[in-house]
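Enquirer: For chain A, the structure is supplied; the task is to place chain B on it using the hints.
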Amino acid sequence: MLTYTSDEMMTVVAARSLRNGMTCFVGIGRPSEAANLARVTHAPDLVLIYESGTIGAKPGAVPLSIGDGILAETADSVVSVPEIFNYWLQPGRIDVGFLGAAQLDKFANINTTVIGPGYADPRVRLPGAGGAPEIAAACKEVIVVVRQSQRTFADRVDFVTSVGFGDGAGSRQRLGLPGGGPRLVITDLGVLRADPDTEQLVLAGIYPGVSVAQVQDNTGWDLLVSPDLDDVPPPSQAELSALRALLSRAPATVPAQARQPASAVRQTAVR
Amino acid sequence: MAEIVTLAEAIAATVRDGDAVAMEGFTHLIPHAAGHEVIRQGRRDLTLIRMTPDIVYDQLIGAGCARKLVFSWAGNPGVGSLHRFRDAVEHNWPGPLELEEHSHAGMANRFVAGASGLPFAILRGYRGTSLPANTTGVADIVCPFTGEKLTAVSALRPDAAIVHAQQADRRGNVQYWGITGVQKEAVLASARSVVTVEEIVEELEPCPGAVVLPSWTVGFVAVVPGGAHPSYALGYSVRDNDFYLAWDEISRDRQKFLDWLDEHVYGADPQAADRPRSRTGAPC
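Top to bottom, those sequences are chains A and B.
Taking our numbering, I'd label the letters of the first sequence as residues 1 to 271.
Taking our numbering, I'd label the letters of the second sequence as residues 1 to 284.
In isolation and in its complexed conformation, chain A is listed as follows (with noise of 0.2 Å):
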């Protein structure tokens, strides 16, 4: 019996969407930690990229920040920030960015900025941009990896941070984003992908033990499900294995009081 958190579900099923030899710019958080467990497990020549302006970096544990020593310890090379924006990321040499949200909605745009209608006096102050606006516009694809609930996914984010899709089909193009966009987001209760022709996001996959109905419950928007839903495999054994190992190695990558309560963390178990 092999027992996993919705948490490692979606840390395994984000590192899968890594290729081997792919160039990946990270973020902090969750999608630096599939980073890494892809780089121990299937992809040994992922190239990590930080904005601190670390090329090739190949951290042994997963880092608390985006600019921990061990990131330019073992970069293949270090450059200055304004170097990793405009030469590397902007003229759209990397392959993949990973990015999460606080709020994104049915065409995957992304809010970091602000929770509230108003921008002046917002009801909550979140963080801000930080790298994600030109990651989202310039990177050849873009992963998003967030937890799913009703808050999250809005139907209209409250502030547009970083660009999806838009208003939908062509959005894009008019705006003359380079980039192939988010059509891949990752959550913990499955994947979803934006549809070829209209942009919006399309439920694809879903994990054991989570239902369709769950899906939608924890979506503010009608939820679109694709005739061929994919049952998603669970973690397997080496998976957990190499991230609780990656996850041990770590000091800390997120303090105790921002975990999710352990009520909350949703408890999968197979066979």
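A hint or two may mislead.
Cβ pair distances, simulated, as ranges [claimed, not checked]:
1. Pro132/B / Leu229/A: 34 to 42 Å
2. Gln150/A / Gly95/B: 33 to 41 Å
3. Arg249/A / Lys256/B: 50 to 58 Å
Some chain B residues near chain A, calculated using beta-carbon distances under 8 Å [unchecked claim]:
4. Ala108
5. Val112
6. Phe120
7. Leu131
8. Lys149
9. Arg157
10. Ile179
11. Gly209
Everything labelled a hint here was simulated from the structure, so no lab data went into it.
Predicted, not measured: the structure shown is a model, and the values here were computed from it.
Every residue, glycine too, gets a C-beta built ideally from N, C-alpha and C.
Expert: Relative to chain A, chain B alone:
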């Protein structure tokens, strides 16, 4: 030529009430000790500029030094919110905080424009986001050669830049390495500057990937070993991740924060030698 002075003298000569001040350092080499000296000297109405206002700006904001924040990501890296920043934006405590908000690429290019002596920089960015409608210093621009629609961002020209580096020599030439961030651009864009260093050496040894700021580009150098703590100086110290985690708890509550400030900033000797520091290996 840079003058080598004490930290208190460097800050007193460089930072005045109402100044626009950029304290840079991208996770690495954040000038915490210098930020604390700004708090101790009671500066007010500052426009604080920084790509990633993390703990040190949380402290400056909570201590009432700031009128305005120019930034691109305000969080405790890997941990969560900056509670003093949020309290200022959400509840005007200890006072209102005006925001000028950009993306990292935008802020980096604004420093590049300032260092280049140009009024603005050009990038492919911001298009389709809510940022241009809610901030200043962003405008559309058309390429005169191709007709491509691009984004212009206005230059940053701070009154003062403050950075931390590994070494200076006796003439005030400064060298730093590891993650080099946007400090060179911040210093060259600013009218005045302070560099705190881990140590003064007889002669700077060339170091792969290092940035050297010649003495004549720097205003003041002050020796402050461990002056980046809880950030770090590669080769001298490691990032104190436990403090970043602890800050979440300290900063959540106004009184707890004020007590911390009393004990660790107002009550501290600016040249205190007891800052946690352990040399982690040979320089470079």
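Enquirer: A closest beta-carbon separation below 8 Å is what the hint needs, so does Val112/B meet it against chain A?
Expert: Constraint on Val112/B satisfied, holds at 5 Å.
Enquirer: Would the stated hint for Arg157/B survive a check requiring a Cβ distance to chain A of less than 8 Å?
Expert: violated (16 Å)
Enquirer: Regarding the hint that Phe120/B lies at the interface with chain A, is the smallest CB-CB distance below 8 Å?
Expert: violated (14 Å)
Enquirer: Restraint: Gly209/B near chain A, CB-CB cut 8 Å. Satisfied or not?
Expert: holds (5 Å)
Enquirer: Does 50 to 58 Å hold as the CB distance between Arg249/A and Lys256/B, or does it fail?
Expert: Given about 32 Å between the Cβ atoms, the range is violated.
Enquirer: Do the numbers back the hint for Lys149/B, that is, is its least Cβ distance to chain A under 8 Å?
Expert: Status holds, d = 6 Å.
Enquirer: Hint Ala108/B vs chain A: min CB-CB distance below 8 Å?
Expert: holds (4 Å)
Enquirer: Can we keep the Ile179/B interface hint, with Cβ of chain A closer than 8 Å?
Expert: Hint on Ile179/B: holds, closest Cβ of chain A at ~5 Å, below 8 Å.
Enquirer: Note whether the CB distance of Pro132/B and Leu229/A lies within 34 to 42 Å or breaks it.
Expert: Holds, at about 39 Å.
Enquirer: Holds or violated: the 33 to 41 Å window for the beta-carbon distance between Gln150/A and Gly95/B?
Expert: Given range 33 to 41 Å: holds, Cβ gap about 35 Å.
Enquirer: Is the hint on Leu131/B kept, meaning its closest Cβ partner in chain A is under 8 Å away?
Expert: holds (7 Å)
Comparing the model with each earlier hint shows violations of hints 3, 6 and 9; every other hint is respected.
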